[in-house]
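Residue-level listing of the chains:
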Amino acid sequence: MHGTIALLLALALSAAALAAQGSGGAGLHGTVRDDQGAPIGHAQVGVRGTTLFTRTDASGRYRLAQVSTGTVHVRVDAVGYAGVDTVVAISADSASVDFQLRFSPLTLAPVSTVIEKLPHFGERPATSVAQVSERDLDRRAVNTVDEAVDHVPGIQFVNGQINIRGSTGYIQGLNSRVLLTVDGVPMNQGDRGGIDWDLLAVDEIESVDILKGAGSSLYGSAALGGVVNVTTRDVPNGWHSRLRFTGGVYADPPYAIWQFRGSPGLQGGADLSASYGNDVAGGRIALGDRHSDGYRQQDNDDHFHMAGKTRWEPSPGVRVDISGAWAVNRYDVPLSWCKRGKCDDRGQVFQPFKIDTTERGARTDSRKGYIAAQIRSTLSPQFAWQARGSWLRTHFTDIRSTTEYGVGDRFGTEARIEAHPDSNRSVLVGGEVTFSRVTSDIFGSHTQAELAAYGQSEQQMGNARVSGGARLDFLAVDGGSLTAVASPRIGVTIPTDGRGHDGGVLRASIGRGFRAPTIAERFVHTFALGFEVIPNPNLRPETAWSFEVGHTTGLLLRFLRLDAALFWTEAHDLIEPALLTPSDTIQLQNVVRARLAGVDATIIGAPIPRLITTLGYTYLSTRRRLAADSTTGPLAFRPRHLLTLGADYAVGDLDVGADFRFASRPERIELEGFVDPRRVPVKVLDLRAGWSRGPVEFRLLVANALNYIYNLVPETLAPVRTVTLTAVWAH
Amino acid sequence: MLRAVFRVGAVVVLIAGWVTACDGGLAPEPICARGLIGLCGTIHFRGSIPDSTDAVFVAAYLTFPQTCNDLINNRRPVIPGSVPYTDSAAAYSMALDPGTYHWVVAVWKKVGMLHVSPADTALLRVAGYYRNPADTSQPGVVTVPKGAAAGDVNFVAHLDSLRPATDFVTCTAQ
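Chain order of the listed sequences is A and B.
Each residue of the first sequence is one higher than the last, beginning at 216 in my numbering.
Each residue of the second sequence is one higher than the last, beginning at 4 in my numbering.
Keep in mind that the hints were calculated from the coordinates and are not lab data.
Quantities reported herein were computed from a predicted structural model and do not represent experimental measurements.
Glycine included, each C-beta is placed from N, C-alpha and C at the ideal position.
Accuracy of the hints is not assured; some may be wrong.
[As the list claims (entries may be wrong)] Which residues of chain B face chain A? A partial, calculated answer using Cβ under 10 Å:
(1) G27
(2) G28
(3) L29
(4) A30
(5) P31
(6) E32
(7) P33
(8) I34
(9) T45
(10) S51
(11) T89
(12) D90
(13) S91
(14) A92
(15) A94
[Claimed, not checked] Derived DEER-like restraints, expressed as beta-carbon distance ranges:
(16) N76(B) with R880(A): 35 to 41 Å
(17) E32(B) with R908(A): 45 to 51 Å
(18) D580(A) with N135(B): 46 to 52 Å
(19) R880(A) with R166(B): 27 to 33 Å
(20) P136(B) with D580(A): 41 to 47 Å
When you get a sec, could you build the whole thing from the sequences and use the hints?
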């Protein structure tokens, strides 16, 4: 372990030293503030058509190096503000320019520079992108990233597994068809391919960007249904510290016959972070601890985490970031709710708050962490390169009637070159190597290597902006023969009115995505539902073609904005469990072809001052067809209708808000006939209020305010009403 | 004007959301309905639901019917209500007089009007019946005790192999 960390650090430092030798050019610096003079953090500042971009720190300050003297075209964007596009004259080595942005809640959020791997200054991407901003995270006062992302239109979490337009469905712990990246570094587990949403404390996160649809042309495996990028907080100049306390209480079951304990369940936690930075270097450390009694029987959860991040800018245009996190969890596992006769059922067919007594004592000990080093060197306004190395480790021990464990390592490196031959064209080429290693009593000891090369180009053609690219991935398991997968993608955006960057944009894209089978899927050997699960080393990658056409309008009636997209995915070789006869064993096989098609629409409105309302609706139609016969039906765990409603109203230091989520009852579940098929639609109302003044902020969240009792997967109760109070002090 | 419409619309949507959320959700489900005198259990459905399906109901017979007349006239209850059949399983409860019942059957009904006459058998099919746990080739016998209910009367209904009444009883010209 120490050797790997030392190697990552040595590579980063030597690359930085090399990069620092070639830098030069003028500098542009200043501040970005709102029309009241308050600093705007996390605003994007960049020179259009070049490699030059940066983000403001919490004080609204920015610095851009390598800017050519003369006149340059600068673009400034921030969430909730009207962007500024202006020409700046730079005559000396260093120029200072301050920007003032006007509050404009319906302005489109700037596109993350990470999610597309290229800076976008005001241009919209050809694929749907959603964003959870720092303000959304603060306002919702959530404890984990998934709780915040769950409110994004078109996205649903099913027992911890993310579905973007119905991408993943639900297979407990074995894969994800969505890729998670943290600051651009892939973080899906090396063994099971799943996502640990609690790897990072929510207090460490600045924003979350979600790419809807296949992203494999840039990101490779797992980006079959989309990519979620978490951007961690940057290290600002000066001393900063932040303290956050949360405390909450779970509601009792709404029916006396379901009572299972004598006193209410509680939860609470504390997070602390401190940072110092100057123009050359900075660092932050953070740690936190949480405990939850849970909302049902055998549902205790203890969580500890720590994280660190450093930045070093040895010369203008060169930046090195080293970051890492470590989290330890010990949580009880209420495997399935109690069915008649499996506990003190009190004459009930099922007791959703209680567990089957044979599952008493089931728990999981989980440890996970990562370290990543990245360097970006801007050699000129036309040319930049970036490289990274990362290591993700996950270690779980499932304690049931028998004990199972797994240790997974995922090592990754990537290098890419970004060129802007002229202001209307950009080219990106890169290569990536990922190596996963697993030691487990249920997966065995195995390795999987993935080597990839990719390229993408964007070109302005008249009014249209066209992007195209492809990625070629080679996969090798246990050092065996290579499997190759090609993932091309092409997209176009066309302005539909003359209102510039904030006007209407038509977008269309088609791309191929894929997901390599995880080591767990290939080699799992265990028992489930009384059946032996046997390995299948010959699994092939899942593949899919995704097509999308969408339109974002300019402002309608001066207080509305509409975004709508039609999407269509044809997936092949999807991996699902198959019951083999006559051996009566379960094996994961490439058995399913599927179609996922639908409409995704969002309306944002500001009908009166200080009130912002959102309505998101997704209609999803799925068709599943087994390879072996012509049997068709819907895909499991995919609701046909998803609706989200939100409203936020601010007055003075106080703000109040509400979110309502509806998901129709899934038509089909997996293993029907073997599990309790009981399921209902999701109808969850969250209420929230906040008060902030100076460095102090209080947040009240009433999640599932109506205490609606529902489940997303069989025999697993979803969270009940939870009242949480959060206090934050930031300096 | 349009802003006012939008505001009213937003309020309506929020109230609609609130009202719909107040309804439904998982709720307690007694194994047998409280105070029930009769029998209850679970039907497990197999196969795909025919397009012409109107209802699936459960009926019981004190003696095994011999004719189409018996099938219609000795049915308890005479006019049964449908059970939910779109899920893979459905719990059911039926009120019956105390006694020993020799056939508890799930009956599939095609779209059409019933007249409580032997001609009804043209619209009805046997989807499945409770079987003798000791010999599953034979119908099971269930006793409804006085003032109580018999539970665990569980069986499978095969929606893709529905059987006509004539497989079980003799029907003269209707």
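Now for the hints, and whether the structure bears them out:
1. G27: holds, 6 Å
2. G28: holds, 4 Å
3. L29: holds, 4 Å
4. A30: holds, 7 Å
5. P31: holds, 5 Å
6. E32: Holds: closest Cβ of chain A sits about 4 Å from E32(B), inside 10 Å.
7. P33: With a closest approach of 6 Å, the P33(B) hint holds.
8. I34: holds, 6 Å
9. T45: holds, 8 Å
10. S51: OK, holds: S51(B) within 10 Å of chain A, min 9 Å.
11. T89: holds, 9 Å
12. D90: holds, 5 Å
13. S91: Holds - the Cβ of S91(B) comes within 10 Å of chain A, reaching about 5 Å at its closest.
14. A92: holds, 6 Å
15. A94: holds, 6 Å
16. N76(B) with R880(A): 35 to 41 Å: Since N76(B) and R880(A) have Cβ atoms about 39 Å apart, the given range 35 to 41 Å holds.
17. E32(B) with R908(A): 45 to 51 Å: holds, 50 Å
18. D580(A) with N135(B): 46 to 52 Å: holds, 49 Å
19. R880(A) with R166(B): 27 to 33 Å: Given about 31 Å between the Cβ atoms, the range holds.
20. P136(B) with D580(A): 41 to 47 Å: holds, 43 Å
In summary, the structure agrees with every hint in the numbered list given earlier.
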